[in-house]
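In order, the protein sequence lines correspond to chains D and G.
When you line the first sequence up against the working numbering, it's residues 19 to 313, in that order.
When you line the second sequence up against the working numbering, it's residues 19 to 313, in that order.
Since the hints were derived computationally from the structure, they do not count as laboratory data.
Cβ atoms here follow ideal geometry from the backbone N, Cα and C, with glycine treated the same way.
Any given hint could be a false lead.
Which residues of chain D face chain G? A partial, calculated answer using Cβ under 10 angstroms [stated by the list, open to error]:
1) Asn75
2) His163
3) Asp223
4) Gln306
These are the residues of each chain, in order.
2 protein chains.
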Amino acid sequence: MSAGARLSLNTATVRERWNLAQAIDGCARHGVRGIAPWRDKLAELGVTEAARRIRANGLTVTGLCRGGMFPAADAAGRRAAIEDNLRAIDDAAALDAQCLVLVAGGLPPHSRDLAGARGMVADGIAAILGHARAAKVPLAIEPLHPMYAADRACVNTMAQALDLCDLLDPAGRHGELPRQSPDGVPWQPAAALGVALDVYHTWWDPNLQRDVERAGASRLLAFHICDWRVPTRDLLLDRGMMGDGVIDLRLIRSWVESGGYRGLHEVEIFSAADWWQRDPDEVLDIMQQRHERCC
Amino acid sequence: MSAGARLSLNTATVRERWNLAQAIDGCARHGVRGIAPWRDKLAELGVTEAARRIRANGLTVTGLCRGGMFPAADAAGRRAAIEDNLRAIDDAAALDAQCLVLVAGGLPPHSRDLAGARGMVADGIAAILGHARAAKVPLAIEPLHPMYAADRACVNTMAQALDLCDLLDPAGRHGELPRQSPDGVPWQPAAALGVALDVYHTWWDPNLQRDVERAGASRLLAFHICDWRVPTRDLLLDRGMMGDGVIDLRLIRSWVESGGYRGLHEVEIFSAADWWQRDPDEVLDIMQQRHERCC
């Protein structure tokens, strides 16, 4: 198996220098077998053309980034968010994506009502779940680090995301949507609603191992990797390459695999001062070396 | 009751412009009834002189900041941390402090062993608890925001802190150390080991209300307030004054008071670009206005 055979490239990792067509070509050139596009890059290339190129290169789409962002100040805003999510589901279906990643959204403007925002997230997911199920696109709630609770996502732990799964898709532990592992090994069907586990957001969580187990194979829909730098110089744009930080990636990978996850490992690095400045071909080389050495 | 009658000043809030003697005088001048010194400021003035001035002005010491920082790369380092904590307990006793605040400490250098660091914290607290109990100084574990898990504190939620209390001081729910509320209202004795609840670190936690209730009156040893700015421009030094951010301070205060807390509200603001630049007399005025309006 080549170094890239377990890897997927989240396009955020190279977003300053590559458009989606370049990222697809780059993955193919480097033997990286998966890709996770962001919707801005997807819109530039067009969904049909993107799907054609991705298929032509035999890439797995480990997720479409992103839906969610449900809380809004008024009903019209919440409705607009739901409409946008329905379109995202259609795009994810066209790409044959393994999931649509949902970033919950934070507090509406001028609001301090965190419980209210969390209720809006539940309502928003409830409103799109039927469409996702019909389109055979699993929805992956991605808990974001608590430092983003106000402005990006008010779902901040695996436990919280799994409580939403239990509430909105109680039968989901058994899975219902067919899926294929990248290496052909039979894999439990995906739940219609599950979680995307990103080590950056969750590595600190004292209950992480317990909650990975709780998620189980059907609800573990994506596994995102990078590293937590010490010091972290910026709340948003200072993620590290695997091995540059303090996350015990091998340990978390072992939990995820014990939980039954057989998918690719998606590398998502927001790094304004470092990795975004580099030649993406170099980034893909290093990403593969580091994955072998540190994960 | 004056605006400052429920307030305590954590000296970090004015640390760039006032030494401890000035902070004591400032509290007295503004009618702020409590103070929480940091040990660097305390060392400058000397413990005996500090205790004399604090008593002369009738101030309550809501906590001494800080002990903790237990994890270390080797046994000598861990032993040194414990020795330092024993000295801190003596200082807290000399000041008649309502608690010694414990900030757990993060990962030792070059370590990714978060569970190991957490074990060192438990061992460290176990090693000092007897001395604290004998000195009648309650130890207040302060869970820090998960963004500090690597470099400052690997105890990151109230639940985690309370699990440590249950483990190391199982009888603590009933309290054993006498204490007096600032307004003379009878108040449940303090546990030897409890928690310091800082809204900045915990406001995002979906289990906060549950865990405040779990702590109860005997284990709620301190209540720290400030606000979470959006955007937050720096991981460490960009806290907001109450009312400048998104924390529902009234709500959290209601939980804390329902839980039986009768102590002062300690204002702790690390703010390099804003509040540290201002005249501390102005800061104390605004802090009292904001406390009345927003908390």
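Per-residue hint verdict: His163 (chain D), partner chain G, C-beta under 10 angstroms | holds, 7 angstroms
Status of the hint placing Asp223 (chain D) at chain G (closest C-beta pair under 10 angstroms) = holds, 7 angstroms
Supplied contact hint for Asn75 (chain D), tested at 10 angstroms Cβ to chain G = This hint is violated: Asn75 (chain D) lies away from chain G, its Cβ roughly 35 angstroms from the closest one there, beyond 10 angstroms.
Taking the closest Cβ pair, is Gln306 (chain D) under 10 angstroms from chain G?
-> Hint violated; Gln306 (chain D) Cβ to chain G Cβ min 21 angstroms, cut 10 angstroms.
Of the numbered hints stated above, those contradicted by the structure are hints 1 and 4, listed in ascending order.
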